[in-house]
Amino acid sequence: MKNLTSFILYCVLFPSIFISCKKDTPPVVTNPDITSDHGVFIVNEGNYQWSNASVTYYNFNDGKYAEDVFDDVNHRPLGDVAQSIRVIGEKAYIVLNNSNKIEIVNTKTFASLGVISGFTSPRYLLPINSTKAYVSDLYSNRISIVDLNNNTITGSIPCHGSSEEMLQINSTVVVTNTRTNYLYLINSDIDAIVDSIQLGFASNSLALDKNGKLWVMCVGDATNSIKASIHRVDVSTKTVEQSFQLNLSLDIWDKLRINATKDTLYYMCKGIFQMPISSATSPIATFIPQNTKLFHSIAINPFNNTIFVADAIDYVQKGKVYYYSSSSGALLGTINTGVIPTDFYFY
Amino acid sequence: MFLLLLCKQGFAQHHIEDSIHQLSPVEVSSDRFSHTISGVKIEKMDTNSLHLYQNASLHEMLSQRSALYIKSNGISGLSSVSIRGTGTSHTAVLWNGFNIQNPMNGGMDISLIPVNFINTISVQYNGMAALYGSGAIGGAIHLANEPEFNKGIDISLGGMYGSFGNYATNIKVGYSTKNTAFSLKAFYHQGKNDFPFINTAKYGSPKAKQNNSALWSYGIISDNAYKINDKNQLSLRIWLQESTRQLPSLMTQEFVNTSQYDNFLRSALEWMNKGRNYKLFVRTAVLIDTYRYKDSDKQIHSASGTTASVSESEIYFKLFPYHTMNVGMHYTYTFGYCDYYAHKQSQQEISAFISYSASNKRDNWRLNLALREEYTNTGFVPILPSFSMDIRLYKELFIYINASRNYRIPTLNDLFWFPGGNPNLKPENGYAEEIGIKHTILWDKTRLNYSLSAYNNNIQNWIVWLPNATYWSPQNIQSVWSRGVEASVGLDFPISRCMLTLNPKIAYVKATTQKSNNPTAIGHQLIYTPELTSNMTITASYKKFLFSFNMEYVSTRYTSPDNSESVEPYLIGNIQATKEFQLKHISFNLFCNLNNIWNTTFQTIVWQAMPGFNFKTGLQINFKQNKSPKS
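If you're matching them up, the sequences are chains Z and W in order. 1169 is the number of the first residue of the first sequence in our numbering; add one for each residue after it. 76 is the number of the first residue of the second sequence in our numbering; add one for each residue after it.
Same shape as in the complex, but just chain Z:
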């Protein structure tokens, strides 16, 4: 009977034995020194419904690196599907599309400062002045107006849904829209759409050149054989001055970016294309070919013009960012990132 009792005791206790031999979690990366002078934050989307969005930090001067700096500092996940980052003063606003929220962190410490919530499917935040910002939204038929002092949504501007990148020129805010042929103009003094400019179908990205002209990328619609296009727009006269049809393939063309001197455009469709603003035609050859990589996004470092290209690899494994010389297209370096690197902030 004594044996039996000890046997029972053993049986009762045995699952707890395994609790104590669980694997230790990997050591937490020491907080990177974010105050150093030159670095980049790379926003990684993560996978839909996996809550594995992250921000990768890399310092060019001392090589300090953290793959997931938000979690390292705040000990919680950033959220589900990060879309973009915007810095206003010492605060970084990270827009989390499928978490319906914007996380605010201190750019020096990456400590969480608060959350703005109540969006449907937020995409980009555009500061209008020191207290007000607009947030575009993929599914909602409104652009949210955010109060930056108390982190609340104070109002909204009705629009035709699927608003994407935005850009401010004086008191005019230009809004792209991936569901129509129009670029919408908001008067930021009265928070209302006051006009629109017809160009290609499904505008998604914007750049302002050194002459004050606006460049707009329209993705088209591959399933209905509508080709992608690039347009140069004079916002003051609301006229489309020049249009380029992108005839190379019916595919996703996006991420129109401009260099630091604001005279050369970059955009991507599998490979990266480079196009001076003075060019009469759009380039036929890629400046940086994609080869076996899966290019997902680009950005130009405004401090030295290097071209940062995000490789999502297969959308499952952790991605990489390659940076290239803007003069020769030569590869200068690689940064390991989280899953699906997508947006950048350089400082």
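Incorrect hints may have been included.
[Unchecked claim] Taking lysine-lysine and the DSS-like style, the derived pairs with C-alpha atoms no more than 25 Å apart in a straight line are:
id, chain 1, residue 1, chain 2, residue 2
1, W, Lys590, Z, Lys1461
2, W, Lys247, W, Lys699
3, W, Lys590, Z, Lys1488
4, W, Lys302, W, Lys349
5, Z, Lys1381, Z, Lys1406
6, W, Lys253, W, Lys659
Worth flagging that the hints you see were computed from the coordinates, not collected in a lab.
Given the coordinates of chain Z, work out where chain W should sit on it, guided by the hints.
Just chain W, lined up with the frame of chain Z:
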């Protein structure tokens, strides 16, 4: 107790097989599972478990009573089972022999199976696809409704109230005579499931309530059998169920507005004809599934559905004493529609199978050899053999071995999704081997069973969806090697007038990616596959009081293919108790299930909150009148 079960089951099968040889007139079991199985590990849910979980879903029962890992999207969400490191699509779920896995994605949501709708629930490890067909790579869950004759009137009515606004009611009407068996069961269940939790994924870790997690569900099942004469029996089964579930938000989401609607109708007709040396079955089933998914915020409304028509005929005949042959043909025609298919799509599977079972007079060994050949839309599946054997080493100590080639044909989504579906996909296939022992020792009224097993499973052509230009497309690209060991013990012993049962179980699995497009995954454990799962159940019965305490442990699960991200392990305790009062022909059964008694915070899917302590309580009233004593 079900540990033992494993062993007990072995013996039960011996009895069944014996009865085949003798062709006893009371033997009515009709699926291939109970006829041919030997040399395979089986976990059969015992009657105590079926009784204690009569108001629960198969999800709740298997997660608490087996060492299987079940992944669930929240309290009422979709739940999928994983056997020995394989996925839900590698676990065939056979309802009276018919595979009810979803033809569109190969999955099976076991939270939609009410325990009290099924009379016999068994988990079979390792595929044995030669016997059970496509999908049985890791194993199979067998759900059987065998008719019971000569039981008279059996009526029961029950009501359940539980935490987080859960209410359920059920009714059963059964009537059987010597030649006819009729049974009708129905349930209705609704729940708000707005359980509280601390949201550690949010700024400031606020107290939160799970939102968008409600459930409405009802179902009807009818099992009927009629003995035309001594040689012929007909049975008809119909199972209809409808559920609407909100799909709960993740802890990282502010809110969601998504819901899923599932509706199915399963009907099966079977004719059995038997003679002195043979038994013939002709069976057919129609399985109709309808799904709708809605996301109000994103304006997504998608509808899809499938209809499968399954026909099978097979014969068992005695070659000479202790040698039985089984030959059969199987045909499945499935068609499906979906907003993401170019048009309605169909798939056909034709297969022929043959198996040979033998034992000796003293039952010192028992073996089964089987072969299956299958033809599908994409051509012939390589021939599938299986071999399994039990050998008695000493008294009730058996060694068992099995080896099989297993496969899974691509699903409708794999083949026809637009854009990206790949009509040239090959079936996934693999080889599985297992060796184990099972032993039963009896001392007076104490009974000890234990079993140990070690297995190996290599799967090739595992289908993975990969990005390709602007859309995703499935490819036969991955190889997985799964191997592990399992042990279980069952001990039944009396302490004065109280009967005690102890069932510890433990399973260790290493399931690694061997070949993949993703080099960072190679050599690493598959995601959501815990290396260690363990269960411990203590059941005490005293007179009409039944009490059970149970613990489930699940080790770390990796959530990224390179194993850099993971979810914490957890240990959960649960209690079930019932007390029966008898008043003439009427019995009153009070039950109470306490789940997660230590209020453990845990996740089965990363950042999907799960409820802390919760309960279910209710009353089941049963009226039984035996029309005539059993002859």
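How the hints compare with the structure:
| no. | hint | verdict |
| --- | --- | --- |
| 1 | W:Lys590 / Z:Lys1461 | holds, 20 Å |
| 2 | W:Lys247 / W:Lys699 | holds, 11 Å |
| 3 | W:Lys590 / Z:Lys1488 | holds, 22 Å |
| 4 | W:Lys302 / W:Lys349 | holds, 12 Å |
| 5 | Z:Lys1381 / Z:Lys1406 | holds, 11 Å |
| 6 | W:Lys253 / W:Lys659 | holds, 24 Å |
Hint check: no violations occur; every hint is consistent with the structure.
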